Structure formats: structure tokens, C-alpha cells
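Colleague: So you can see what is in the structure, the chains are spelled out below.
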Amino acid sequence: MTTTTRILTVDDSPSMRALLNHALAGQGFDVSQAEDGMAALDWLAMNEVDVVITDINMPRLDGFGLIERLREGSRHRDRPILVLTTESSEEKKARARAAGATGWIVKPFDPEKLVAAVRRVSH
Amino acid sequence: MTSEEIQAIFFAECEESLAAAEAGLAACKEGAQDDDTVNAVFRGVHSIKGGAGAFGYTALQAFTHTFETLLSDVRDGTVAITESLIDLMLTALDTLSDHVTAARDSTEPPEDSALQADLTAAMAANAGNTAAPVTAAPEAASTTVETTSADNSSGENTSGDDFDLDFDLDALLDDISGEIGDTPDQPRWEMRLRAHAAAMRNGSEPLLMLREMADLGGTCMVCDISSVPPLDSFEVGTGYFGWSFSFPAEVSEAAVREIFDFVGDDCTLAFGADNAMPDVRYPAVPAKVVAEPAPTSANAAVGPTASAPVEAAPAVNDDHDEGPSARSQQAPPAPPAPGQSIRIELNKLDKLIDAVGELVIAQAMMAQRLSGDGFAATDEMTLIEGLTRDIQESAMAIRAQPIGSVFSRVPRILRELASSTGKHVRLEVSGESTELDKTVIERLGEPLTHLIRNAVDHGIEPADERIAAGKSAEGTLTLSAEHRSGRILIRIGDDGKGIDRDRVLAKAIEKGLVAPEAILTKEEIDLLIFAPGFSTAQQVTNVSGRGVGMDVVRQNVKDLGGRITIESEPGSGTTFTLTLPLTLAISDGMVVNVGDQTLVVPLANVVESLRPEPDEVQGLGANRCMINVRGRFIPVIPLSEAVGAIGATSHPQEGVLIVVETEGAGRAALLVDAICDQRQVVIKSLDTHYRSVEGVAGATILGDGRVALIVDVDSLVSRSLASATPAALAEAA
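Just so you know, the protein sequences line up as chains A and B, in that order. Under UniProt numbering, think of the first position of the first sequence as 1, with each following residue one higher. Under UniProt numbering, think of the first position of the second sequence as 1, with each following residue one higher.
Chain A with its partners taken away, still in its complex shape:
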């Protein structure tokens, strides 16, 4: 990897954002944070990112809504987007993928698995 992978983490829970930041920044990723889907959209309008990691259940605009909005435009159509999910059932996976997610991270996450998931989708 020649340049730092930039990641936007979207979660309404400060502790989850802190955990993600802790796990990713320690691995050399450039991590930014947004507290919900709307904040993420505003941030993305002015910043570039390589991977988006988003929670599903959030106020104002939830994770699926965020993905939908991002996939609508051409700019993020092929952007890797990982969702944070507390379930790993096939049903939830199918729903996440149908919503346009590239992949998922099961909460609670293992930092190594998190990093592996990010690497799996980022160039």
C-alpha cells in the first residue's frame, strides 16, 4: 500500500467510534468519524475517503439510508462500504448486501478481523 487508506467511521455511539478509531488508527489507517448518516453525507461532500464503515441503527439517517444515498450518486457507487452489525445471520448478511453494502463487520468485533475486513475491500 503506497498511500494511507482513509476510513470514515459512522456510528452514533461515541464509545464505538472510539473503539473503531483505536483499532484502526493503530494499524496506520487515517480515520475520520461521523455521528450519523446525515453527518456522514455532509462530511463526504467535502472530503475524500477510501472506505466507509457504518453502523445501521442511527438517528436522523440510518446506515441503510446512508448506503442508499451514497450508491445513488456516481461518486460512491463503487466505494467499499462495510456495515457494523450485531448479528451475523445469513438473513442479516443478505439484507446488508441487498442494501448495497460491500461487506460487514460483526459487533463486537475483533480488531484483527476488523482490519482484515477493511483490507479485503480496500485497494
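It should be emphasised that the hints constitute simulated quantities derived from the structure, not laboratory data. Only a predicted model underlies this, so the values are computations on that prediction, with no experimental measurement involved. Heads up, the beta-carbon is just placed ideally off N, CA and C, and yes, glycines get one too. Accuracy of the hints is not assured; some may be wrong.
[Stated by the list, open to error] Some chain A residues near chain B, calculated using beta-carbon distances under 10 Å:
(1) Met58
(2) Gly73
(3) Ala94
Dock chain B against chain A, hints included.
Modeller: Okay, now just chain B, sitting in the frame of chain A:
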């Protein structure tokens, strides 16, 4: 940030979540049982559960899991909200609060088994299946991070035997591969895979997966290209390549499977050397209509009829097997059935259209002749007239193409603009199937590009300005096309800041385009941006060019026989409207008499026509004059002089003045004897039939069979005004 600090954030957050959940439940008790309130409670509990799992508070996580499952049922409407349920949930919330305190202080968690049982009993899912989630939940806490296959067994929907089977199979396969590894003859195992089209959706990149397999120790043995079709039947979205990989024995099949976890069925995997390469999945497969997979299994799992796990299990299984394939089949929209078509040389087509033009003229001549002889209202004439019009329209339609071919280039322009200006713009397109003449389409690209660049560069504000103005950070560009009364209207609208009229006027005065004391209407100020040499950009950017753009745009549109107008609202955006003829072969014209000649003035140039009062005409030298049109002086050009017509009037009061707008020479008033008609004329090129004549744009045949010249207003006016030098005036005097 240390782990303790993050935990401190978590506990602070727990307090907030508990407070929010409590407020929500209180509101529920007051009767506010809407989705938002229930969702707020759910989110509070859900958020605690997420953190509890992350920090390993098993008891807290188990309790929140049960509570959350019930709340999820309430939210989905499968459990009705009753007074007693709210009380139960309030009790649960108190216990949750105790759990949080215990976790924070590292004390013994509260006894909650009775309450968990109550919560479980309240769930719809457990109508016929009581205690399972209680025991499943703590399992979830401890195993979710272990392996994905173990996760499957701990899902909320009451694991069936199939999951255990999967798990055992994986373990078994691991064992087998381990045994193979011990045999020195067969140190490696093989698998084949094919990535289908849908594997590339949603930001997935199969190449990265191949790379990951290589990182695991896999070696690509063969890349199967046998399915790659000849180039002319090549579909870009289809996965034609297959790969076979070999792995050392110590790599487990589960590890390889996990790489493809994200894409599911969109990559077909075949393990073992005996399996053949999976088939290519062609997008043309008729889409199988499968009910939305998620609700199916959810209903089966939580519905009161799903009394036994035996029933629930196949539903989950279906979801696994059919869900992804159904999605991938839906993914590429079925291509529209291609209509049959033939290719025609363009000049053959033009000959046909030319002949149809003659037919229209001949029909008009015949109608005029017959009406003179008293046969105007015969049925046959009406029929022929209708048929002629139909033939003409059909012939024009052959040359017509949807404007979508121009519009489809716009996203790319916007992408380029986004990278050079940093402004991200959303595009809304409508009417892309609107058809117009091929030549018009070909010549429309340039002015359209200019207008779009202009809209993004000057119209749409930078994201921070937009947010400050209360707009969304991303600008919106609206592009639309529609037919209206025989012409086509193309609109290019932005939701930007609108035209800054003060600045435009100041700039125009500075450039000497208008007099400093001039009082202009809003519309007149807007039109100034089309003046040659006008540019309001403080700094010349490489996007909108150097102020040559907008006047060229207007010229291009005029050349197409069209018009361009502006509507701008400060703060909310600007819309440019292009009104274009459907074809260049027919044009709207004003038929005028000048002495012994009949001429056609293109309607695109005409602003208004008027009969002046004597005091509005001002003499200039011996035989020149100006006319005062609402405070603005416009030179009068007798059209007879320009075309050498005999017997025409030379006094503005005796004839009619047609005020025309020209590109290079501003406005002028053409003096003609009378306006006879305003009609569509079939344009005949003078170049091909005679030769190019300055001041004449072409010719047409009128209904009475006479040939009329179509005036090239631009060149005629500029030539006429150029000759009116002081020397020429003095000579004439």
C-alpha cells in the same frame, strides 16, 4: 487513547442511553407509541449491547440481547404495546441500569433469570418456543468473534440442525485437509471459482480476493478463458473468467470460504480437484421472481404458526440458497428487447427528406391554386394535407435521435468538474428520450457543455458556502428536455447562488458594454452575460474559460435556429432554457414584402415588430435614421436597400419595423413594407443550388410557388452598419 478511557466513554454513554430509553418508555406510557419513540428506546438498549459485547461484559450483553429482541418485536409491530408490557420493560430497564452499574464497578451482576424468562415469554417469536434465546444469548456473547460458522448457530432465529451440520462439515473438511497434508504425495488441494457480474457490485473487487487467496498461500494454476466470447457479443458486466487455485494442506477450506463471505453466491466456489469449473452466469437468464428473502424467514421464525424449528429451518435454508442468486439475477436490469433496425446511408435519408420537403411545398401550391378555383374545402385535399404532414413527420422522425446521447456525456463532465473545482454535483435528468434531429444533437454538445461548466463553476457554490446558506452540501444540476409546440425545450438548471446582478452590471459598465447611467431590467442584466467578451469570474479559471464561453453558446444556439433565455433567482439558482427547432430543414419565419420581393426573416432573430410614431424617428445624416424604442436608439435598416428591391418604402412611418437581435451588431430595426405571414418554411440551401450569397441564409418555396430568400440577419445588419461610416454618410449627403 487507552482501553480504560474508551470504557469510560462507554459508561457515560450508557447513562445517556438509559436516560433516553427511560424517557421513551415514559412517553409510551403517556400514550406516545409511535415509531420514533419505540425506536429511541430500542436504540438506547441496542447501543449498550454493542459496547457490552466489545468490552466483554457477558452478563450485560446477554441481558441487553434479550431485552433488545423483545424491543425489536415491539418495533416491528409483532408484539402489541400494552400497559403491562410497558411496566415489564420499565422493570427491565431498571435491571439493565443495575447491570451497567455492576459492570462499571466490577461487582456481581444482578440476578435476572426470572425477568429474562418474562421478557422471553412476551416475545412473539416464542409462542411455541420458550427458553431458547435465553440460553442462546450468552453463547452469542462468547462465540461471535470466534468463527463465522459458529455465529450462524447463535443467530436470534432459533438455530436449526442445518447450522450444526454446516459447522460439523467444516470441521470435518478441515480434518480431511489436515490428513491430506500429512501425505507427502498430495501436499496441496485444489478449488475452482468463478466471479459473476454481481460480485463487482457494491464496491466489491474480486481481484482483491484473488490476491488474498495468494496471500494465504494459494497458487493460481489456470485462468479459464474458454468462455470469453468474440468481441462483438462481449458483455462488459459478465464474469467470463474462472480460476483454479491450489492451496497447501495447512490452509483450511473455511479460511478460503471466508474470503468470499462478503460476496456470497456472487462468486461460485467449487472445492476439490474433481469438481468442474463453475459455469458462467449470463445476465440474460430470465429473472426468477422470488419473494423478498428476509421477511420470508423472519415471518417463518417469529410468526405464531412457526411452531417448530423444523419449519423454521428450511426457510432459513432457502434464504441462504435462493436469496443471493435471486438478487444477482435481478442485478442487471433485463436489457430492453432490441427493436429491429436497418442501417441507411445518411445521404439517402437526406434525399428522402428533401423530396418530402418538395412534396409539402407542392401540396401547399396545389391547395392555394385550388382554393383560387373554389375547390378549397374538398375532402380529398384535406386528406392529402393530413397525409403529407404525416409523411413529413415520419421522415423527420427517421433522422431524429434521443437527446439522451448528449445527456449521457454529462456525468463525466461533472466528474471532471468535481475533481477540478471540488464541487460535487448531483445530476437529475428527465426527458432523455426526447427526440430531435441528428444534426441538432451533434451541434448541441458544445453549447450544452459550456452551460454545464458555467453552472458548476459560477452557479453552484462551494460546499461550505452552501451549508452556510442552509442548502445540502452537494449541489444539484437539473437537465431536462421536452417537446413543446413543434420545438424542443432544453433546460439546464442549478440550485446555486443565482446571477449576481449587481456584479454583472458593474462588470458590464466597466467593460463599456452598457452606459453607466443605463437602467436595465433584471432580464436585461441577465442577458449581459452573453455579451461578447464578458466574464464575471474574478479570476479566470480553466473551467469556464476566458469569457469567450457564453457569447459562443448563444451564437451556437442561434446557428441552430434556437433561442436561449435565463431565469435566475438570487440564492436559489439559475435556469437556462434553450428553445430549439426539431430540425434544421424547417424553420419558423416571418414572411415580409419589400417592394417587388418577398423575403423571409427567421423568427429566431425577431424581437418585436412595430409601427413608429413620427417623433420616435431621429434622422442621422441624409438618408439614415434611428428609432427610439423605449428609450433606446436602434439603427433603422431599410431591407429594400440591402436586397436591392424596387418600389419599396423608405419612410419608417409608412412601413413596418421589425426589431431584430443580432450576434455581432446588437439590435437593429429592419424596415419592410408589410408582414404577410408567419409560418414554417422548408429551408433550401442556396449554396448547393446556386452559390453562397452574403446576407442570404437560404431560400424557400412559398405556397404560391414563388421562391423567397431567407435573410441572414446577422451578416446583413453588420454589413449594412459597417458601410454607414461617417465617410459614406458624408458621400451620401
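Colleague: Indicate, hint by hint, whether the structure satisfies it.
Modeller: Outcome of the hint check:
1. Look at methionine 58/A: its Cβ gets to within about 8 Å of chain B, closer than 10 Å, so that hint holds up.
2. At its closest, the beta carbon of glycine 73/A sits 6 Å from a beta carbon of chain B; the interface hint therefore holds under the 10 Å criterion.
3. Using the Cβ-Cβ criterion of 10 Å, the hint placing alanine 94/A at the interface with chain B is satisfied: the shortest such distance is roughly 4 Å.
In terms of the numbered hints stated before, the structure departs from none.
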